[in-house]
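Trainee: All chains, full assembly: derive it from the sequences and hints.
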Amino acid sequence: MSEIIQTKNLSFRYDTELIFYRLNLSVKTGEWVTVIGPNGSGKTTLLKLLTGLLYNDSEIVIDGIRLKKNNLKTIRKKIGVIFDNVDNQFVTETVKSEIAFTMENLQYKRKEINHRIEKIARQLKIEHLLDQDPHHLSGGEKQKVALASILALKPKIILLDESFSMLDVNERKEILDILKQIQKEEDLTILNITHNLEEAYWGERLIVLYNRSILIDGPTLDVFAHDKLLNRAGLEIPFMVDLSMKLKLYGLIDRIILDMDELVDALWK
Amino acid sequence: MEIKFEQVNYTYNLRTPLAKKVLNDISLIIPANKINGIVGPVGSGKTTMMELINGLIFPTRGIVTVGDYTIKKSIKGKQLNKLRFDVGIVFQFPEEQFFNITVKEEIIFALQHYQYHLKEIDDRINKALQMVGLNETFLDRNPFNLSGGEKRKVAIASILVFNPKVIILDEPTVGLDYNSKKKLIQLIKKLRKNYHKTIIICTHDVDMLYQIADNIIVINKGNIIIDGPKEEVFSKEELLKANGVGLPKILTFVNKARNNKGINLVNCTDIKDLIKDVYRNV
Numbered sequence: 001m002s003e004i005i006q007t008k009n010l011s012f013r014y015d016t017e018l019i020f021y022r023l024n025l026s027v028k029t030g031e032w033v034t035v036i037g038p039n040g041s042g043k044t045t046l047l048k049l050l051t052g053l054l055y056n057d058s059e060i061v062i063d064g065i066r067l068k069k070n071n072l073k074t075i076r077k078k079i080g081v082i083f084d085n086v087d088n089q090f091v092t093e094t095v096k097s098e099i100a101f102t103m104e105n106l107q108y109k110r111k112e113i114n115h116r117i118e119k120i121a122r123q124l125k126i127e128h129l130l131d132q133d134p135h136h137l138s139g140g141e142k143q144k145v146a147l148a149s150i151l152a153l154k155p156k157i158i159l160l161d162e163s164f165s166m167l168d169v170n171e172r173k174e175i176l177d178i179l180k181q182i183q184k185e186e187d188l189t190i191l192n193i194t195h196n197l198e199e200a201y202w203g204e205r206l207i208v209l210y211n212r213s214i215l216i217d218g219p220t221l222d223v224f225a226h227d228k229l230l231n232r233a234g235l236e237i238p239f240m241v242d243l244s245m246k247l248k249l250y251g252l253i254d255r256i257i258l259d260m261d262e263l264v265d266a267l268w269k
Numbered sequence: 270m271e272i273k274f275e276q277v278n279y280t281y282n283l284r285t286p287l288a289k290k291v292l293n294d295i296s297l298i299i300p301a302n303k304i305n306g307i308v309g310p311v312g313s314g315k316t317t318m319m320e321l322i323n324g325l326i327f328p329t330r331g332i333v334t335v336g337d338y339t340i341k342k343s344i345k346g347k348q349l350n351k352l353r354f355d356v357g358i359v360f361q362f363p364e365e366q367f368f369n370i371t372v373k374e375e376i377i378f379a380l381q382h383y384q385y386h387l388k389e390i391d392d393r394i395n396k397a398l399q400m401v402g403l404n405e406t407f408l409d410r411n412p413f414n415l416s417g418g419e420k421r422k423v424a425i426a427s428i429l430v431f432n433p434k435v436i437i438l439d440e441p442t443v444g445l446d447y448n449s450k451k452k453l454i455q456l457i458k459k460l461r462k463n464y465h466k467t468i469i470i471c472t473h474d475v476d477m478l479y480q481i482a483d484n485i486i487v488i489n490k491g492n493i494i495i496d497g498p499k500e501e502v503f504s505k506e507e508l509l510k511a512n513g514v515g516l517p518k519i520l521t522f523v524n525k526a527r528n529n530k531g532i533n534l535v536n537c538t539d540i541k542d543l544i545k546d547v548y549r550n551v
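Residue numbers (my numbering), protein chains in the order written: chain A, 1 to 269; chain B, 270 to 551.
Treat the hints with care, since some could be wrong.
Said to hold, decoys possible - Derived contacts from chain B toward chain A, CB cut-off under 10 Å, selection only: (1) G444; (2) D446; (3) H473; (4) T521; (5) A526; (6) L543; (7) V547.
Just so you know, the hints here were simulated from the structure itself, not pulled from any lab data.
All values reported here derive from a predicted model rather than from experimental measurement.
C-beta: ideal position from N, C-alpha, C; glycine also.
Mentor: This is the structure in structure tokens:
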């Protein structure tokens with residue numbers, strides 16, 4: 001797998017406040033990486049730097065192209081971003097026209113637009129919503145429409161910026177499960193920037209930002225094992241991780257189990 | 270200070286085409302000197318209840334009483350001010366409302382507005398700071414440069430200077446990191462135990478409520494679904510689920526052990542106690 005996102009010695013400051021100092025990040029094509037960190041650790045700043053919304057001379061390479069002011073358009077075609085409050089982004093009156101909106105602006109052919117809408121609606125299970133007003137949908141449905149609008153443009157990378165923080169537990173699980181399926185089918189690279197450690201279950205790799213740099217970077221379960229370090233960095237270990245790790249420590253189970261039914265089965269066979 | 274709702278209705282934009290009924294004949298008592306949690310899905314009526322208690326809005330029909338106050342349109346002037354001294358609301362993300370350049374100015378802003386004497390202002394500030402666990406060195410600091418948890422404490426202190434008997438907190442832990450959240454939970458417990466405040470917390474965080482609340486009120490589509498001691502409310506798993514409220518995770522685990530395997534674990538709020546009990550039962 002080749003590297004699709006790379007930062008080399010990335011340093012960035014807002015006026016006098018240093019946000020990153022020599023941050024080296026490398027993400028491979030098709031990886032799902034969760035980026036977590038306490039308030040003020042630079043999570044959203046990182047997203048803005050990767051999309052060129054903030055810019056300095058540090059080296060950022062996206063899909064083999066060094067990000068520069070004069071190639072932002074090319075870079076941004078490769079990246080789709082989903083924010084938390086998508087309500088403000090909806091500009092049309094039906095879900096179908098909402099998904100079509102950017103494709104129409106980019107002058108895609110009508111046949112291609114219809115084909116992409118059909119496919120993405122099927123993948124996200126929103127065929128029944130296509131004629132509805134996006135503003136009148138539930139929180140989970142709105143996020144699916146926002147995701148559909150992005151996926152229809154076939155980006156190589158999806159950046160999630162606290163995208164599912166306003167959803168309830170069930171809505172969040174449903175949309176993350178669907179996205180996981182699409183990620184595998186399309187070989188998408190996903191960088192999920194969140195404060196909710198439970199969302200890390202869906203990714204194979206977890207990066208913790210702290211104190212202007214990367215504190216820990218590794219397979220999700222390995223990073224969870226650094227519970228004291230995570231707490232010191234202001235992060236709360238999800239209940240199932242905490243419970244499972246402690247039960248393993250006491251020898252009551254032999255591996256970390258994050259599914260509650262499976263854990264109960266493992267304890268009382 | 271006890272709060273009573275008697276057959277309370279509330280309709281926004283009454284007598285207009287945009288009229289929307291958000292509370293339907295709700296009746297309940299929120300007991301004094303307890304930590305009371307209000308839970309329910311988005312749009313269930315939680316915020317409307319909160320605003321009625323503080324006299325920001327008045328019932329369309331029915332009676333809301335807060336201690337000796339009756340919340341109605343005729344409550345005005347000094348009486349309304351008195352009510353708002355006795356009932357403090359800390360809104361979601363209260364730090365976003367800061368606009369002074371020192372913590373002291375931020376805290377005393379409202380006191381000055383009500384023309385308190387300087388000596389009394391100082392006494393009240395010191396007491397409020399002590400309650401939230403901040404020392405005097407914070408007074409000259411810029412509130413915008415504090416950590417998330419410290420900002421939240423300053424926001425609570427600016428309510429506590431009025432020495433309210435009731436404190437309403439809207440999503441108090443949202444956006445706080447692990448350590449700040451832990452400290453805020455300790456503060457809420459302290460306000461109830463040491464200062465005998467009546468606390469009302471509107472939140473989606475049922476795990477936090479299970480740790481600290483005495484009573485839980487579940488509201489959905491403007492109706493009170495159930496209210497009572499937390500143990501009783503959280504024992505109604507199906508009812509809660511049907512109304513968009515999840516169980517605390519620790520309780521979900523205890524229920525699964527009982528329902529799937531016939532193992533009776535003790536209902537506990539601390540993960541360490543849960544593990545000890547699992548150890549005994551494996």
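Trainee: Using 10 Å as the Cβ threshold, decide whether A526/B counts as touching chain A.
Mentor: 6 Å, holds
Trainee: With a cut-off of 10 Å, does the beta carbon of D446/B approach a beta carbon of chain A closely enough for the hint to hold?
Mentor: Cβ of D446/B sits 3 Å from chain A, so the hint holds.
Trainee: Take the shortest C-beta to C-beta distance between G444/B and chain A; is it under 10 Å?
Mentor: Status holds, d = 7 Å.
Trainee: Please check whether L543/B passes as an interface residue: C-beta within 10 Å of a C-beta belonging to chain A.
Mentor: 7 Å, holds
Trainee: Interface hint check: H473/B, Cβ to nearest Cβ on chain A, cutoff 10 Å. Holds or violated?
Mentor: 7 Å, holds
Trainee: So, V547/B near chain A? Judge it on the closest CB pair being under 10 Å.
Mentor: 7 Å, holds
Trainee: With 10 Å as the cut and Cβ atoms as the points, is T521/B at the interface with chain A?
Mentor: 7 Å, holds
Violated hints: none; the structure is consistent with every hint.
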